[in-house]
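Protein chains: 2
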Amino acid sequence: MPTLQEFNDNLIQQTPAMPIVLSEPVPLADLPTPALIIDLDVFDRNLLQMQEYLEGHGMGLRCHTKMHKCPIIARKQLDAGALGVCAAKVSEAEVMQVNGVSRILITSPVVTEDKIARVVKLASTNPDLQIVVDDASAAGQLNEAARKADVVVGVLIDLDPGMGRTGIETGLPALTLGKYIGDECQHLRFDGLQMYAGNCMHIEGYEQRRDKYLHIMEKGQVTRSLFEDAGIVVPVFSGGGTGTYNIEPGLGLLTDLQAGSYLFMDIEYRDIGGSKSELFDDFEPSLFVLVTAISKPQQRLITVDGGFKSFASDKMAPQFRDVEGVIFHWGGDEHGIVQLNNPSVELKLGDKLPMLTPHCDPTVNLHDYYYPVRNGLVEEIWPITGRGRSQ
Amino acid sequence: MPTLQEFNDNLIQQTPAMPIVLSEPVPLADLPTPALIIDLDVFDRNLLQMQEYLEGHGMGLRCHTKMHKCPIIARKQLDAGALGVCAAKVSEAEVMQVNGVSRILITSPVVTEDKIARVVKLASTNPDLQIVVDDASAAGQLNEAARKADVVVGVLIDLDPGMGRTGIETGLPALTLGKYIGDECQHLRFDGLQMYAGNCMHIEGYEQRRDKYLHIMEKGQVTRSLFEDAGIVVPVFSGGGTGTYNIEPGLGLLTDLQAGSYLFMDIEYRDIGGSKSELFDDFEPSLFVLVTAISKPQQRLITVDGGFKSFASDKMAPQFRDVEGVIFHWGGDEHGIVQLNNPSVELKLGDKLPMLTPHCDPTVNLHDYYYPVRNGLVEEIWPITGRGRSQ
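Respectively, the protein sequence lines represent chains A and B. In terms of the numbering used here, the first sequence has 178 at position 162, counting the first letter as 1, and numbering is strictly consecutive. In terms of the numbering used here, the second sequence has 46 at position 30, counting the first letter as 1, and numbering is strictly consecutive.
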C-alpha cells in the first residue's frame, strides 16, 4: 500500500517514455482509429525552421512541452539546439526531468506546500530547474522549503501582460518582488523575467497582432529597465510564442521564445494570418487525427469515429486534410457527423482519413500515443508520457 | 519488439484497473490538483436511486461506461442490479471485458477489418458480447469473420432517431436489415433493437423534452411492430438516457435504459430542468474537479490551476460548488480566471476548491484517476482504466 506521495512518484517514474519499435512497419490504413498521427517529414522541417530562424535573429528557443507532452520530442528539440524547455505544471516538469530533460522552466507559479515540496525535490538533483514566481509570500515559502533542503532554486519573475492570468503587475510591484528575492531569499536564484503575452498569440492579422504585441511589451521593456537601473542583472527574459515568433526579433526584448505549436500547427494558428499571406502558413501542419467513416445513416451525411474525446473542443471543429466541400459537425463525445455538401472525394464506409486538429495542445492531451508516419508507414509508437500531468 | 496487435493487447491488459489502497487516508486538501474527486455518499445514492426507479417501472439499466470509463464503477453498477453495460467503442469494451465485465453492448457500429477482428475476438470468449449494426454490408463482414472463427456474435440493429449520427432508417430499411441478418447471417444472433435519442437528452424543460421524445420514438414503436408482424422476436429494445429516464416508463417501449450521467451529474444535465423543479436535480452532482487558487494578478481576479486540460470545454464553463458571486473564465489549457464580482467566500492563494463539471463524460476522459472521498478523506484511488480508449 503506497502513500499518496509514493503513488505520485510511481506515476511519474513508471509511465512509458521510450519509443515502442514495432516488429514490422504498419501502413497508416491499418492503425486503430481515432489515432493521433505525426507527418515526420513536416515535423522535421518545422523543428529545424524555428530553430534556425531564432538563431539567425540572436534568440534562443525555450520550447513549450505543454503542447506535445512528450520527452522523446523534447529531446529532439534540445538536440536541434533549443536552450531548454518550458513545462506548464510541476508534474509535467517531473515527467521531463525523470526522462532525461534537465533545462526546464516551470511557467506557472506554485503556492501550496505539496507543490513547493515537489519543486524543491526536482531542484535538489537538477540545478538547471527554474520556476516562475509572482507573489512575495509564495516566493518566501519556496525559499524556506529550499533552505530546509539546502537547495537553490532558479526563479524568473512572471509579469502579467494585462491578461490577468498569472504574473505580478509590471513596473514597481515587479521590482519590489525582485528586491525581496535578492534581499531575503538566499535560496532562490534570480534568473530573470517571464512575460508571456498569451492575449496576443491568436489575434487575426499580422499587423494587428504586431501592434498589440508591441504595445503590451512596452511595459515589459520598462520593467526590465527598472531592474537594470536598480542594479539587478536580468540574464533571461522569456516569453512569446508561435504567434509572435517573427515579431519579437524586431523588438529585441526577449532572450528566448516559448514556442510550442510551431511544431505541429493547428487550425487555430493557421487562421490567424501570416505576415505574407492570408493564412499563417510559415509552418505546415504535421499533426492529424486519423478517423474512420463508420456509419451512413442519411444520404447527405457520413459519420466518423472521432468527437470530443479525440479533438479539442474549446475552439472550432476539426477539418479534413484531403477532402473539401464537406462540413464536420460535432456528433458528441465519440463521433463527428460530416455533411456532404459537394465533396471533392467520395467518402465511403471504412475510409480512414486524416483530420487537421482544431487546437493542438488540448487535442494531444486526449491521446496516449503518437503514431509518427513517414512514407505512409508507422515504424514506432511514441508514448505521450506527460498526458494528463496537469498537476 | 511487438506487432501493432500485441501493442494494442498489452495496452488493454496492462492498464491498471484495481483500486489503489493508500497506506493512510489523505485529507481532501492534500490532493495534488487538479484532481477528479467523487463524493461517495452522493455517488452511492445516485447508484441506488436509478436502479430502484427503473426496477420499480419494469425496466432494466444498461449503464453506459463511456461516461465513467472505469471497471470498478461498472462492477458496482452490476452488483446493484444493472443488467449490463454499454461501451461506446471496441477498445472500451475490451477494457471492461479484460476486467471482469461480460454483459457488454457496443453502441457504435464497426466497419473495418481490424475492428471487426477485435469484436470477434471478444465474442470468442464472451457469449454475452453484443454490438450494434446499421449496415447490411458491414453486418455481412462481421458475420463472415465470426463464421471463420466459429463464433456467434449478438447484434442489435441500431435505429437512427433522426439525428443522423449512427443507425439505419427506421421502418422498412431496418426490417430489411433484420431479415438479411436472420436469413443470411448464421453467425450473428439478432438480439433486438437500439434507438438512442441523443437529440432529446438535453432539451430544456421537461414537457418539451417529453413531447419531442415521444414524437421521435413513435418511429421506433412502428419499427418494432414491423419486426414482430414479420415474425421476428425483439427481445431487447435498448436506448434512452439520464435525460429521459422518467419519460420512458410512461411510453413502455424500451426494455432497458442506457443511462450514464445520472451517477455523476454535471452542469449540462442540471440545467435541462426537471419534472418538478426548474433544475434537473433528481440526481445530485457527485463528481467535482478540485482546483487550487495559484495566482492573483489583479485586484478583482484570482486564477485557479484548471483549464481545458481539466474540464470538458465543449459546452459551458465549470462552476464552483461552494462559492457564489464569481464567474469562471477559461484561462487556456491550464488555468481558469475567476472574476470576483461579489464572492460569497473570500478566495485566497492556496485555497483548494471543488468545481462542478460542465459535461461529465469528456471531463472524466481528461483524467487518469478518481479520488473518491468520504467524510473528507480519500482512502483509495481508482484508475480510469478506459480513459483514452476511444478506438
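FYI, nobody ran anything at the bench for these hints, they're computed from the structure. Some clues are possibly wrong.
Identical chains blur together in the list; that is why a pair holds if it fits in one copy or across any two.
[Said to hold, decoys possible] In the DSSO-like style, the derived pairs of lysine-lysine whose C-alpha atoms are separated by at most 30 Å in a straight line are: (1) K292 / K235; (2) K364 / K137; (3) K92 / K364; (4) K292 / K228; (5) K195 / K292; (6) K364 / K164.
None of these values were measured; they are calculated from a predicted model.
Results of checking the hints against the structure:
| no. | hint | in the structure |
| --- | --- | --- |
| 1 | K292 / K235 | within (28 Å within a copy, 55 Å between copies) |
| 2 | K364 / K137 | between (54 Å within a copy, 25 Å between copies) |
| 3 | K92 / K364 | neither (38 Å within a copy, 40 Å between copies) |
| 4 | K292 / K228 | within (18 Å within a copy, 51 Å between copies) |
| 5 | K195 / K292 | neither (44 Å within a copy, 61 Å between copies) |
| 6 | K364 / K164 | between (65 Å within a copy, 25 Å between copies) |
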